[in-house]
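So the sequence lines, in the order shown, correspond to chains A and B.
Taking the numbering used here, the leading residue of the first sequence gets 1, the next gets one more, and so forth.
Taking the numbering used here, the leading residue of the second sequence gets 1, the next gets one more, and so forth.
Hints are not guaranteed to be accurate.
[To be verified] Quick list of in silico lysine to aspartate or glutamate cross-link-like pairs, DMTMM-like style, CA-CA up to 20 Å:
hint, chain 1, residue 1, chain 2, residue 2
1, B, K95, B, D143
2, B, K142, B, D124
3, B, K142, B, E74
4, B, K43, B, E58
5, A, K82, B, E74
6, B, K17, A, E64
7, A, K168, A, E64
8, A, K82, B, D143
9, B, K154, B, E74
Hints are computed from structural coordinates only; laboratory data are not their basis.
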Amino acid sequence: MIPPMLRGIEFNVDMIFVTAKAWILSLLAQFLPAWLLVLASIVISGVVILCLGPVIMMYLTLLERKLLGRIQNRYGPNRVGKWGLLQPIADGIKMFTKEDIVPANADKIVHLLAPIVIVVPALMVFLVVPFGERMTAVNLNIGLLFFIAVSSITILPIFMGSWASRNKYSLLGGMRTAAQMISYEIPMTLAVVPAIMMSQSLSTNTIVLSQVGDYDLHWYIFTPWGIVGFIVFFLCATAECNRPPFDLPEAESELVAGFHTEYSGMKFALFYMAEYMNAFTLCAIAATLFLGGWQGPFLPSWLWFFGKTFLLICVMIWFRGTFPRFRVDHLMGFAWKFLLPLTLLNILLTALWQFTSNLAAWFWSILILGISLWTLVKLNRTFVPEKRHYPMGN
Amino acid sequence: MTVFGWGVFKGMMVTLKNFLTSYYRKPDEGGIFTVQYPEEREKKIENFRNFPFLVYDETPGKIRCVACGICERECPTKCIHIEMELDATGKPARKPAVFDIDYGLCMNCGMCEEVCPFDSIFMDHVFEITAPERQTGLVRHKDALLKANEYFQKIRPTLASVIDQKRKAAEEKKKAAAAPQPVPPPSTGGPTQGAV
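Let the sequences and hints guide you as you build the complete structure.
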């Protein structure tokens with residue numbers, strides 16, 4: 001017998017999670033009042049997200065170690081379980097049983113609060129991520145704005161932790177975090193604007209739906225402004241979650257470990273967890289905005305979505321395996337002098353594209369982009385002063 | 001003219017190549033050179049040396065060591081302890097009664113092997129040694145240290161065959177020298193009753 005709530009829902013692999021939730025709700029409907037059912041629906045989504053976040057984080061660490069190992073010509077962890085699949089669990093147990101050390105002169109309350117607070121925004125942004133067709137936890141009509149606003153809170157707990165540690169390395173790391181994350185927030189937000197302009201919506205779901213087209217090739221990345229927006233967004237996302245080559249806040253060769261120098265045990269693990277969950281959500285949003293989200297032929301939508309997201313995460317890991325760390329002034333200069341003008345120009349380009357969408361638009365876009373890139377590169381050229389001579393010195 | 005970002009692209013291609021080749025290339029061609037130790041082992045090098053052991057010829061009774069104590073004196077870490085065996089009359093029997101080596105102290109320098117004039121102490125290939133306790137757990141006594149010449153031939157064939165030839169030549173020379181003389185000098189061989 002088909003439960004009444006399942007009527008109208010087509011049963012297929014694509015909808016498997018949606019169907020499962022509807023089935024649980026229809027089961028609960030038999031002995032719960034209607035108003036509690038709404039609450040139950042929220043609880044189910046919440047529990048799924050609260051489990052998904054940490055599990056994704058744990059296996060991202062494993063993926064990262066494996067890929068980095070291969071890049072450096074060695075095996076990654078492969079001792080605990082088959083292919084090291086149980087390594088994250090062993091690491092988790094280790095983290096839980098470690099001693100929690102608090103510096104004697106630390107601000108103990110803020111020191112304790114910082115790692116807790118940092119996880120909250122990292123988990124909250126999962127709400128607006130469209131994991132698949134009809135699989136957004138909360139279909140907010142300001143989803144993207146919510147994402148940008150909440151994910152930028154991450155600066156605050158990092159600075160709290162670095163300040164409360166009362167350690168000069170921590171504080172330096174915190175200062176760098178504040179400078180870097182505020183700087184990269186601006187080109188990141190501006191890089192998103194073209195996608196909003198084209199889809200005329202802030203809802204992540206609508207943005208994905210507006211990329212539907214023949215043969216699914218209406219993804220925004222296949223336009224000149226889309227690819228520029230995507231690259232800028234992805235670079236800023238890498239900087240936002242403090243991943244190499246933008247890992248100045250925790251530069252281990254300069255600042256010991258930056259803002260988490262004085263953290264140990266589970267508090268340290270929470271910082272780590274937030275970092276990896278941020279990396280995941282930023283990649284997910286990049287896939288949503290420019291790679292067509294869950295769009296894709298043949299396979300279920302959620303599989304497409306996770307495939308695209310993990311592809312982007314692999315690129316982030318690839319960055320980590322390739323590039324050395326930025327210098328502070330180069331980092332700031334890159335954001336303010338290169339990415340920011342480029343994103344502003346990209347917005348203009350999108351407007352042009354919207355009014356003349358044909359072959360001429362391609363030509364003009366590529367021409368404008370080429371000229372502006374060349375100009376920006378020339379303007380950003382490193383200035384090497386001539387060596388000064390002292391004729392009277394000898 | 002270099003294109004902006006070309007160096008970045010080239011760098012990423014290098015790491016991508018490393019990543020891909022790590023799956024199919026052999027260690028000496030740029031693949032993964034890690035040896036997964038307990039399951040795989042590196043090929044043993046003949047002159048690899050570790051802790052010392054004592055060589056006997058046919059039976060454990062025919063031990064080459066004469067308890068001269070040179071290795072004991074030369075050992076930089078003083079990890080060797082030797083006591084001479086005495087026969088019934090209280091004379092030295094030219095055999096060790098006690099031969100202890102503390103593997104916990106030994107630093108694998110191989111000086112004992114170099115100074116030994118009787119070719120009796122050599123460095124072994126065994127390196128997987130554990131003990132539950134460090135004070136006495138790593139002390140090896142004579143019985144544990146004694147190993148057959150065949151074993152020595154097996155682990156270090158080049159050196160062992162050279163030494164065997166040398167010993168055989170010395171023995172034949174001694175025999176030839178001893179043959180015309182009616183009474184062999186008592187200084188060689190085992191304990192003799194009539195001497196002194």
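Verification of the hints:
no. : hint              : in the structure
1   : K95(B) / D143(B)  : 13 Å, holds
2   : K142(B) / D124(B) : 15 Å, holds
3   : K142(B) / E74(B)  : 19 Å, holds
4   : K43(B) / E58(B)   : 29 Å, violated
5   : K82(A) / E74(B)   : 51 Å, violated
6   : K17(B) / E64(A)   : 17 Å, holds
7   : K168(A) / E64(A)  : 30 Å, violated
8   : K82(A) / D143(B)  : 43 Å, violated
9   : K154(B) / E74(B)  : 27 Å, violated
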